[in-house]
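K.L.:
Sequence:
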Amino acid sequence: MEVGECIATEAPKAPVTKERKIGTDLEKYIAKPYVARALQAPDVGNPDGTKGYPDNGMTVLQQHVAFFDQNNDGVVYPWETFKGIRDLGFDPFSSFVITFVINAAFSYRTLPGWVPNPLLPIYIERIHRDKHGSDSATYDTEGRFMPVNLENMFTKYALTKPDNLSLKELWQMTEGNRAAFDYLGWSLQTTILSLQTSTLFLFSEALNCDFPGLQDGIQVGMVAVVLCSQGQAGFSVQRSC
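When the sequence shown is numbered by the numbering used here, its final residue is 241 and no position is left out of the sequence of numbers.
Honestly, the hints are just simulated from the structure, not real lab data.
Be a bit skeptical, because a hint or two may be false.
Here are the simulated DSS-like cross-link-like pairs (lysine-lysine), alpha carbons at most 25 Å apart as the crow flies [unchecked claim]:
| id | residue 1 | residue 2 |
| --- | --- | --- |
| 1 | K51 | K32 |
| 2 | K28 | K13 |
| 3 | K168 | K83 |
| 4 | K161 | K28 |
| 5 | K13 | K131 |
| 6 | K21 | K32 |
| 7 | K131 | K161 |
| 8 | K18 | K28 |
| 9 | K131 | K83 |
| 10 | K28 | K168 |
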């Protein structure tokens, strides 16, 4: 086998490998992009992660959830989720529905014991247990951030503009990530992506914020995705609006 074949990223008999290309030069921009980052979410434009946001010793996934922890006690109750969603610009009814879905879906796996808690708290310490299938694998099973998988989201699906995903491309990504018979993962991935996209559009439209990573109100850029993945989107809005 020739050296070129050893690192080939496309197979002639698998057209999908040509349609969904992956980056081959990431190490020019990010040191060891295949190594999962526990504290930072680097990308090509920010190889050392986003500056100005303390990690507080949390994994990237924990930071993503910590935005909703209003009193910083490590537990997110429904009323805290509700307030966080309202702070993001959603109306009361939508906030109530979203809150119920989030806490009902993600509470149990994070509990310290086997007995369900009717208050539906989400324990940030064990949020990694809530990782589901049919996702982009941007987080690993311990809540660390995988730079290579973030970049692959865009090389595979951002065909209109290299660093921006249109709504159609976002939908194609969720379709491409679906694993067979993973009905829960399908629904969770679609729901979460819809919420994040709606949030970003609210920042740009309803709040009249010049939010980084949004293009013309119809495309989501890499900066916005990174900020969302590390829980910094909400803090960005609070600072700029």
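K.L.:
Evaluate each hint against the coordinates.
P.N.:
Verification of the hints:
Of the supplied pair hints, the one linking K51 and K32 holds, its CA atoms being roughly 19 Å apart against a limit of 25 Å. A hinted pair counts as satisfied when its Cα atoms are at most 25 Å apart, and K28 with K13 does not qualify at roughly 30 Å. The suggested pairing of K168 with K83 is violated, with an alpha-carbon distance near 31 Å, which exceeds 25 Å. Of the pairs offered as hints, the one joining K161 and K28 holds, with about 21 Å between alpha carbons and a cut-off of 25 Å not exceeded.
At roughly 33 Å between alpha-carbon atoms, K13 and K131 are farther apart than 25 Å, so this suggested pair is violated. A distance of roughly 19 Å separates the Cα atoms of K21 and K32; the hinted pair therefore holds under the 25 Å criterion. Between K131 and K161, the direct Cα distance comes to roughly 29 Å. Violation of the 25 Å bound is thereby established for this hinted pair. The hinted pair formed by K18 and K28 meets the criterion: a straight-line CA distance of about 22 Å does not exceed 25 Å.
Between K131 and K83 the alpha-carbon distance is near 24 Å, which keeps this suggested pair within the 25 Å criterion. Restraint check: the Cα-Cα separation between K28 and K168 comes to about 30 Å, which exceeds 25 Å; the hinted pair is violated.
Hints 2, 3, 5, 7, 10 from the earlier list are contradicted by this structure; the remaining hints agree with it.
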